[in-house]
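If you count by the numbering used here, then the sequence shown holds residues 145 to 492, one letter each, in order.
Just so you know, not all the hints are guaranteed correct.
Said to hold, decoys possible - Computed list of lysine to aspartate or glutamate pairs in EDC-like fashion (alpha-carbon distance at most 20 angstroms, straight line):
1) K377 to D443
2) K323 to D292
3) K462 to D442
4) K462 to D443
5) K200 to E251
Claimed, not checked - With beta-carbon atoms standing in for the labels, derived distance ranges:
6) Q357 to K147: 46 to 54 angstroms
7) Q300 to R217: 27 to 35 angstroms
8) L145 to P277: 20 to 28 angstroms
9) L145 to D451: 16 to 24 angstroms
10) A163 to D453: 41 to 49 angstroms
11) P277 to S415: 23 to 31 angstroms
12) Y299 to K147: 16 to 24 angstroms
13) D177 to Q357: 52 to 60 angstroms
14) A252 to Q357: 50 to 58 angstroms
15) V256 to G407: 32 to 40 angstroms
16) S245 to A163: 20 to 28 angstroms
The hints are simulated quantities; they were obtained by calculation from the structure and are not laboratory data.
Even glycine gets a Cβ: it sits at the ideal position worked out from N, Cα and C.
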Amino acid sequence: LAKLLGAPVILIADAAKVARSVAAEILGFQKFDPDLNVAGVILNGVGSDRHLEFCKPQIEATTGLPVLGYLPRKEEFIQPERHLGLIPTVEGTVAQKWYDSVINQVEATMDVPAILKLAQTAKTPKAAPGVYPESPAPARTTIAVAQDMAFNFYYQDSLDLLTAWGAELAPFSPLEDDKLPAGAQGIYLGGGFPELFASQLSENAPMHEAIRQAAARGVPVYAECGGLMYLGKSLSDLDGVTHPMIGVIPAESAMSQTRLTLGYREVESCSDSPVLLKGQRVRGHEFHWSTLAQPPSDDESVYKVVDQDNRPDGFRTKNVWASYVHIHLGSRPGLASRFVETCAAASA
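I would like the entire structure built from these sequences, with the hints used as guidance.
Right under this line is the structure:
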């Protein structure tokens with residue numbers, strides 16, 4: 145990405161359990177790819193002023209790179225984690241006090257003006273034709289977007305692109321709401337943590353029925369990862385309790401304590417969908433602990449995972465597409481515009 149943007153790279157080096165030897169690690173990154181512009185270093189986990197005095201001069205003498213600052217090792221900076229990493233900010237676990245503390249620390253121990261000056265050297269490339277419209281389009285369709293504590297894994301770029309191409313995004317909560325936003329001509333169910341809210345999601349029968357009825361009317365429904373689990377027949381949570389879900393696709397998902405599926409994927413669309421035409425390819429990302437009781441067949445899958453022996457992924461019906469793969473709608477021209485076109489053509 146840095147090469148594509150012509151952007152300088154500032155290495156964040158873990159100094160928590162090292163001293164002078166951290167310079168060797170940084171030198172390795174600097175020499176590993178000569179085409180990458182490594183322009184500076186920030187040290188993380190510095191234990192004391194004396195610790196900094198061991199690290200900083202050695203780094204600058206060995207690599208010629210400036211140490212632009214550091215963060216000290218403080219318990220108060222550590223954020224809680226769970227099975228997919230950090231807890232999303234939408235759950236309200238990060239207090240304003242934490243932000244203020246980090247801001248004060250950065251201002252005290254980092255050369256912010258130097259960092260901003262480096263950032264200004266990046267060369268901003270033009271997006272490929274068709275990714276963004278020449279000017280924002282007026283709203284011509286409404287897409288209901290699931291956004292609450294259970295569903296909040298979205299690329300903000302993707303949402304912005306949908307808006308730019310003429311979608312009015314109407315947020316709704318599968319946890320709290322009993323109906324879809326009025327006039328919705330499409331439904332976008334992103335990823336999240338449905339397994340942590342499986343009981344509440346299962347008990348919201350009015351929302352289940354609203355989505356089932358929309359799907360039956362032909363409203364395009366596009367889902368990724370957690371959205372796939374929600375649209376399926378059932379979801380077994382971390383305690384092994386099975387909860388009925390919407391049931392518009394035959395997926396039965398269950399949380400696994402031992403199998404993490406993680407990585408970038410190149411996928412080929414098995415049918416015309418809200419984002420791709422049949423046969424088109426795009427790169428995406430998988431990141432989940434859940435597994436399916438029965439994988440999809442070739443006839444019902446959304447994608448073939450090209451870089452995994454054409455493994456089938458996801459479930460599709462006439463107007464429902466649900467996959468484990470997260471797609472960035474700016475990753476190739478036409479994704480966001482096609483999503484908007486597909487929804488605009490549907491009857492609410």
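Hint check results:
1. Only pairs whose Cα atoms come within 20 angstroms are accepted, and K377 paired with D443 is accepted, the gap being roughly 19 angstroms.
2. For the given pair, K323 sits about 14 angstroms from D292 by alpha-carbon distance, which is consistent with the 20 angstroms threshold.
3. About 15 angstroms separates the Cα atoms of K462 and D442, which keeps this hinted pair within 20 angstroms; it holds.
4. With a C-alpha separation of about 12 angstroms, the suggested pair K462 and D443 falls inside the 20 angstroms cut-off, and the hint holds.
5. Restraint check: the Cα-Cα separation between K200 and E251 comes to about 18 angstroms, which is no more than 20 angstroms; the hinted pair holds.
6. Taking the beta carbon of each, Q357 and K147 are about 48 angstroms apart, inside 46 to 54 angstroms as hinted.
7. Separation of Q300 from R217 is about 31 angstroms and conforms to the stated range, judged on CB atoms against 27 to 35 angstroms.
8. Taking the beta carbon of each, L145 and P277 are about 24 angstroms apart, inside 20 to 28 angstroms as hinted.
9. For L145 paired with D451, a C-beta distance near 19 angstroms keeps the hint of 16 to 24 angstroms intact.
10. Separation of A163 from D453 is about 47 angstroms and conforms to the stated range, judged on CB atoms against 41 to 49 angstroms.
11. Taken as a hint, the range 23 to 31 angstroms holds for the pair P277 and S415, whose Cβ atoms sit roughly 26 angstroms apart.
12. Between Y299 and K147 the Cβ separation comes to about 21 angstroms, which falls inside the hinted range of 16 to 24 angstroms.
13. For D177 paired with Q357, a C-beta distance near 53 angstroms keeps the hint of 52 to 60 angstroms intact.
14. At roughly 56 angstroms, the beta carbons of A252 and Q357 sit within the given window of 50 to 58 angstroms.
15. Checked against the hint of 32 to 40 angstroms, the C-beta distance between V256 and G407 comes to roughly 35 angstroms, which is consistent with it.
16. Separated by about 26 angstroms at the C-beta atoms, S245 and A163 satisfy the suggested range of 20 to 28 angstroms.
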